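Construct all of the structure, not just a fragment, from the sequences and the given hints.
Residue numbers (numbering that gives the first Met the number 0), protein chains in the order written: chain A, 0 to 332; chain P, 0 to 317.
It is possible that some hints are incorrect.
The calculated label-pair distances, taken between Cβ atoms and stated as ranges, are [unchecked claim]:
1. Asn179(P) <-> Glu241(A): 44 to 50 Å
2. Glu164(A) <-> Val102(P): 45 to 51 Å
3. Gly113(A) <-> Pro265(P): 32 to 38 Å
4. Arg217(A) <-> Leu158(P): 53 to 59 Å
5. Glu170(A) <-> Glu145(P): 28 to 34 Å
6. Glu145(P) <-> Pro293(A): 36 to 42 Å
Hints listed in this document are in silico derivations from the structure and should not be mistaken for laboratory results. All figures in this text were calculated on a predicted structure; none of them were measured in a lab. By construction, the Cβ of each residue, glycine as well, lies at the ideal position given by its N, Cα and C atoms.
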Amino acid sequence: MNSIFFRFSTLLLLAALSLGMSACAPEEQSSGATDREGPFKVITTTGMVADLVRAVGGEHFEVRSLLGEGTDPHEYSPTRRDVVALQEADLIFYNGLMLEGKMTDILVRMARRGQPVYAATEFVEEREDYLLMDEDDDDYFDPHVWMDVQGWILALDVVRDALTEFLPAEEATFRQNADAFRAELEELDHYSREAIASIPEERRVLVTAHDAFQYMSRAYDIEVRGIQGISTETEAGVRDIEDVVRFVTERNIPAIFVETSVSDRNVRAVIEGARAKGHEIQIGGELFSDAMGPEGTYEGTYIGMIDHNVTTIVRSLGGEAPERGMQGRLGGE
Amino acid sequence: MTWYTMDTWIVVVGALAGIACAIPGCFLVLRQMSMMGDAISHAVLPGLALAFLITGSRASVTMFIGAALIGLLTAVFTQWISSWGKVERGASMGIVFTTLFAVGLLLIVQAAHHVELDPGCVLYGALELTPLDTVTPLFWLGLGWETPRAFVVLGIITLVNLALLLLFYKEFKISSFDPNLATTLGINAQKMHYLLMSMVAVTTVAAFEAVGSILVIALLIVPAATAYLLTDRLSTMLLLGGGFGVLAAAMGHFLAVWLPEVHGLPDVSSAGLVAVTSGIFFAAAVLLAPRYGMLGKFLNRRPLKKHKAATPLSPEKT
Numbered sequence: 000m001n002s003i004f005f006r007f008s009t010l011l012l013l014a015a016l017s018l019g020m021s022a023c024a025p026e027e028q029s030s031g032a033t034d035r036e037g038p039f040k041v042i043t044t045t046g047m048v049a050d051l052v053r054a055v056g057g058e059h060f061e062v063r064s065l066l067g068e069g070t071d072p073h074e075y076s077p078t079r080r081d082v083v084a085l086q087e088a089d090l091i092f093y094n095g096l097m098l099e100g101k102m103t104d105i106l107v108r109m110a111r112r113g114q115p116v117y118a119a120t121e122f123v124e125e126r127e128d129y130l131l132m133d134e135d136d137d138d139y140f141d142p143h144v145w146m147d148v149q150g151w152i153l154a155l156d157v158v159r160d161a162l163t164e165f166l167p168a169e170e171a172t173f174r175q176n177a178d179a180f181r182a183e184l185e186e187l188d189h190y191s192r193e194a195i196a197s198i199p200e201e202r203r204v205l206v207t208a209h210d211a212f213q214y215m216s217r218a219y220d221i222e223v224r225g226i227q228g229i230s231t232e233t234e235a236g237v238r239d240i241e242d243v244v245r246f247v248t249e250r251n252i253p254a255i256f257v258e259t260s261v262s263d264r265n266v267r268a269v270i271e272g273a274r275a276k277g278h279e280i281q282i283g284g285e286l287f288s289d290a291m292g293p294e295g296t297y298e299g300t301y302i303g304m305i306d307h308n309v310t311t312i313v314r315s316l317g318g319e320a321p322e323r324g325m326q327g328r329l330g331g332e
Numbered sequence: 000m001t002w003y004t005m006d007t008w009i010v011v012v013g014a015l016a017g018i019a020c021a022i023p024g025c026f027l028v029l030r031q032m033s034m035m036g037d038a039i040s041h042a043v044l045p046g047l048a049l050a051f052l053i054t055g056s057r058a059s060v061t062m063f064i065g066a067a068l069i070g071l072l073t074a075v076f077t078q079w080i081s082s083w084g085k086v087e088r089g090a091s092m093g094i095v096f097t098t099l100f101a102v103g104l105l106l107i108v109q110a111a112h113h114v115e116l117d118p119g120c121v122l123y124g125a126l127e128l129t130p131l132d133t134v135t136p137l138f139w140l141g142l143g144w145e146t147p148r149a150f151v152v153l154g155i156i157t158l159v160n161l162a163l164l165l166l167f168y169k170e171f172k173i174s175s176f177d178p179n180l181a182t183t184l185g186i187n188a189q190k191m192h193y194l195l196m197s198m199v200a201v202t203t204v205a206a207f208e209a210v211g212s213i214l215v216i217a218l219l220i221v222p223a224a225t226a227y228l229l230t231d232r233l234s235t236m237l238l239l240g241g242g243f244g245v246l247a248a249a250m251g252h253f254l255a256v257w258l259p260e261v262h263g264l265p266d267v268s269s270a271g272l273v274a275v276t277s278g279i280f281f282a283a284a285v286l287l288a289p290r291y292g293m294l295g296k297f298l299n300r301r302p303l304k305k306h307k308a309a310t311p312l313s314p315e316k317t
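The following block contains the structure:
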């Protein structure tokens, strides 16, 4: 009796093993693009990174970002279609600094095996001083670098170098594109600085759902306060909410902000709490923190996203900014 | 419909998890302690957190050891509470695993505040991601053969479980059905219990990194319970349990690939559909099993009634 059972289970195991073996026929590795014609497939995690690649790569690359509008990268989990896309991609870009949560590990491992995977925040290896630490934990950096336009200009160089490495023949084009986009970003940076400086100093405080705006704070001199920590995975406790309520009441802050990719529950709790203390506070608007706006709109681009954020913040806190933003393109063409 | 290499890998990893889980799973079902897998897979959270706190790294090996040790502790505590606290085993499991899970959450929030030690990840797993996370297990032989890490881990666990089963088949069998008889035959039933619990702990921990603890529980219990309805022989039950695990993995992932393309649904989770598929197998067994299924009982009952009616004076014959 036992021997049939023995044989059967061995058979089952062998079948499983051979299935595995046959499945691992060598796959073609995509490294370098010498003998193939474009456009090459680029997969990025966030839309902000995709925007950089589009701006630099132009027609040579077909760019897709895995995280769509309103998706929270901290909690994102890839679907099968995403995995297929990652495996078929010629180049992969991600934000890095643990923004992508569990996926970061896998992307780092892919990079170590020699696949062309790049972190847009790679520049920190030479610019360690640029990085901000996670306030509660010294081992982790704050990944929300794109909130400071100057930081994203550094990422632009990373993208340009990576694309040049992949397609050296087009070096001149990439440099030209990158310079053109850098000029646009400098303009955006200038607009943000001017607009935020117009907020009266005592009211220049940005209260948001999670701690995504530290880089913006440092770059444009605006105090920030997140209800949740840097990652949206840790829930805000009752004490966090009470702290923020006390803070906005004491400082007489007129508006706090919700984020498109984070639940507004905590923000509403703060508003209720402030109201109970007799301090009337508004929702200043929706900010794009970890994800951009809908694809195809102005807010669905990096420049539009920052323009929207800055304009919304400045106008709700009593500063001066044109209603439709830097280029008059906010809220539809 | 397009079937990629990665899809084959996902099925293989799921099938290995199915076989590895079915072996301890069948004994859990027979011993009426099916929720032990659930208890262990939740209770290992403090193990993961402690391993991280002590070593400061998220290396899989230390995490694995921490989790497996706490998993075993769960079994020990459960035994103590039910024998000293005079409560039934289910209740003591409930006490132990909720307490340990809560301690784990506290540890994560308190000490490792921003660590990406994501409880959600532990609970749901990421079967889809397993093909991306590869290793070259035979590098020491000079072979560059790349396989998903989950395949190597689950392959080893499956082999170990099979080896233990074949080595201690008789002991497992007797101590599961009749611990007292086992003791008189010189088999240490207590030891067998803890060996089984170690298997459950190690298998659960190894499998849930790949497939998530909800699917682990499904694979541990549902195929075994399905097999339980279909046979009275332990060896057949083990084979059927493993077979249903493999089938569920293959069909579940096939559905996950096929459904979105046919019905235009958004992407669905493979792990979820594997669990659903094994549930469907169980439902089919409940309805159709020859002896214990509803249909079988219905068919068996009728001739019996006739027989009874025909010989009312000799009930002992029935």
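Legend entry - Glu170(A) versus Glu145(P) beta-carbon gap, inside 28 to 34 Å or not: holds (33 Å)
Legend entry - Verdict for Arg217(A), Leu158(P) (Cβ pair) under range 53 to 59 Å: holds (54 Å)
Legend entry - C-beta pair Gly113(A), Pro265(P): status relative to the range 32 to 38 Å that was hinted: holds (33 Å)
Legend entry - Distance restraint evaluation - Asn179(P), Glu241(A), Cβ atoms, bounds 44 to 50 Å: violated (59 Å)
Inset, instruction - Could you say whether the range 36 to 42 Å given as a hint is met by the Cβ separation of Glu145(P) and Pro293(A)? - result: Hint holds: Cβ distance 39 Å, inside 36 to 42 Å.
Inset, instruction - Indicate whether the distance between the beta carbons of Glu164(A) and Val102(P) respects the range 45 to 51 Å. - result: Taking Cβ atoms as reference, Glu164(A) and Val102(P) lie about 48 Å apart, which means the hint holds.
Checked against the numbered hints listed earlier, the structure breaks hint 1 alone; every other hint is satisfied.
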